[in-house]
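Chain by chain, the residues run as shown.
2 protein chains.
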Amino acid sequence: MNSIELVRQIESKGSFLCVGLDTDLTLIPKSFLKESDPVFAFNKAVIDATEKYTVAYKPNIAFYEAMGPKGWESLQKTMDYIPQEIFTIADAKRGDIGNTAYKYAQTFFDPASSGLNFDSITVAPYMGHDSVEPFLTFEDKWVILLALTSNPGSHDFQMSKSEDYIPLYERVMRLAMTWGNAEQMMFVIGATRYDFLQKVREIAPDHFFLVPGVGAQGGSLEDVAKYAMSSRVGLLVNSSRGIIYAGHDTAVSAAREAKKMQEEMTMYLDKYWIK
Amino acid sequence: MNSIELVRQIESKGSFLCVGLDTDLTLIPKSFLKESDPVFAFNKAVIDATEKYTVAYKPNIAFYEAMGPKGWESLQKTMDYIPQEIFTIADAKRGDIGNTAYKYAQTFFDPASSGLNFDSITVAPYMGHDSVEPFLTFEDKWVILLALTSNPGSHDFQMSKSEDYIPLYERVMRLAMTWGNAEQMMFVIGATRYDFLQKVREIAPDHFFLVPGVGAQGGSLEDVAKYAMSSRVGLLVNSSRGIIYAGHDTAVSAAREAKKMQEEMTMYLDKYWIK
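Read top to bottom, the protein sequences are chains W and F.
No gaps in the numbering here: position 180 of the first sequence is 180 in the numbering used here, and each next residue is one more.
No gaps in the numbering here: position 137 of the second sequence is 137 in the numbering used here, and each next residue is one more.
If we strip away everything but chain W, and leave its shape as in the complex, we get:
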């Protein structure tokens, strides 16, 4: 999917919501456990309930991988079920070099390889350019590079300043922008403080940001929209547990929470989106 199709979808749905599919057998309503594939049955219920309100789905790969081969089968069925026009993110945070990175790209981008056909994958930058470039060779596919995350450990390295007083996350963004353009690369930006949101938008005016950390992790959705929305919206805001585990009747509770976020997002699109 390219950025024009993504922005068109955001506009038509009045939403920049991404629903995270962190599906965990110990957290889903017990009624799904009697299905032959409880993970897929739950995901199907979530997708049916939320597809009107969301522009992206983000399966968290760890949750599928932890179930062995059958987890990958549930992931495959989930991907086949997600409507074609909705953007998909493999939240895999892979990061290796050369032919290994290319294998990871094939895993998530090339249906002839593993069966999966994601639009994008999250990638870690530690190993540098040769760990990112192999993903950029796939047309209309996206790398979503870890830049500034919202967890306590983000202070360990991401915030550490270099000898020219540039924090690592900024160095990552500036250098990565020389590897690929805003049509093939997004950044993971944890929604925390408004000054950081302003700063990262200044560094990358045209890039999409995948923003976790709104809601459960404490960020303000209005701050994200106010300080980081670009002329092409440039935002995908993720919510996982706040939507998928909002109640015992998934069809009702997931729809209610997704709709609530979509309505708030419509408001902020009206207020802050200067096309």
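Hints are not guaranteed to be accurate.
Note that the list lumps identical chains together, so a pair holds whenever it fits in one copy or between two copies.
Unchecked claim - Here are the simulated DSS-like cross-link-like pairs (lysine-lysine), alpha carbons at most 27 angstroms apart as the crow flies:
#1 K271 with K30
#2 K226 with K30
#3 K141 with K70
#4 K77 with K30
#5 K13 with K34
#6 K271 with K70
#7 K275 with K161
#8 K271 with K259
#9 K260 with K275
#10 K52 with K13
Note that these hints are calculated values from the structure, not bench results.
Start from chain W and add chain F according to the hints.
Leaving out everything else, chain F in the frame of chain W:
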């Protein structure tokens, strides 16, 4: 496996060789393709040929993942076939936080979860302490943290100096050493220049290093032994393609190349290991 068992194995085999199982259907001899599970059949041949000479096996997870659910089944069969006393490394370079990191740990460490029971996993440090700690809660399991790699991209961030003139890889090592001890953490150290090898051994005198980049990637095995061997050896030197794809008759060529490395390693253990 704990470090005493690992060092005992190194001593008895006169080897600190790790064989990388980067098994690729396009590279294995054609004779394996007629087997029902060519990946496992090839790995079995490699293991049979090399187990006398090696102390560790390192499946490169990308290569299995790229084949979808059946790749994970080949990986499972390979793990079941590796002799119990040989150390196993999931070269997965995972890196995510909190409950997601815990799921990745379950995937590779908890046989009740995915079926797999690795001794260790490679992990990326970019997200900080909360992306590493969940792995450290598993007894007799190891995190092998990316520190200084041998690829060109290692210069992008790992070598960049902070405002107190400490390069990032050193900051990663020093901080990580406060999260876990030398009985549960190793570092990935690319075999490049002798001054770096001396430096990292000075930073972490007691830790094991997993060293890729010898042979095909250009490092000298003698330099690694001379400058980075510790009182507990502290080295696992990996070779993948140089061993597994050394010839058309895998049983013969893999044994020959592994034996060659083991003999060289025996010599360096005699010469440089000061117990």
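Evaluation of the provided hints:
Proximity of K271 to K30 under the C-alpha cut-off of 27 angstroms is found in neither arrangement, the shortest distances being 41 angstroms within a copy and 62 angstroms between copies. For a Cα distance limit of 27 angstroms, the shortest separation of K226 from K30 qualifies neither inside one copy, at 40 angstroms, nor across copies, at 59 angstroms. With identical chains, the CA atoms of K141 and K70 are at most 27 angstroms apart both within one copy (26 angstroms) and between copies (25 angstroms). For the identical chains of this complex, K77 and K30 are intra-copy neighbours only, at 20 angstroms inside a copy versus 32 angstroms across copies, given an alpha-carbon limit of 27 angstroms.
Taking the shortest alpha-carbon separations for K13 and K34, neither the intra-copy value of 34 angstroms nor the inter-copy value of 51 angstroms comes in at or below 27 angstroms. With identical chains, the CA atoms of K271 and K70 are never at most 27 angstroms apart, being 45 angstroms at best within one copy and 49 angstroms at best between copies. In this homomeric assembly, K275 and K161 never come within 27 angstroms of each other (Cα to Cα): the closest approach is 34 angstroms inside a single copy and 40 angstroms across copies. Within a single copy, K271 and K259 get their C-alpha atoms as close as 18 angstroms, which meets the 27 angstroms cut-off; across copies the closest is 69 angstroms, which misses it.
When the C-alpha separation of K260 and K275 is checked against a cutoff of 27 angstroms, the pair qualifies only within one copy, where the shortest distance is 24 angstroms, while the shortest distance between copies is 65 angstroms. Within a single copy, K52 and K13 get their C-alpha atoms as close as 7 angstroms, which meets the 27 angstroms cut-off; across copies the closest is 62 angstroms, which misses it.
Violated hints, in rising order: 1, 2, 5, 6 and 7; the structure is consistent with all others.
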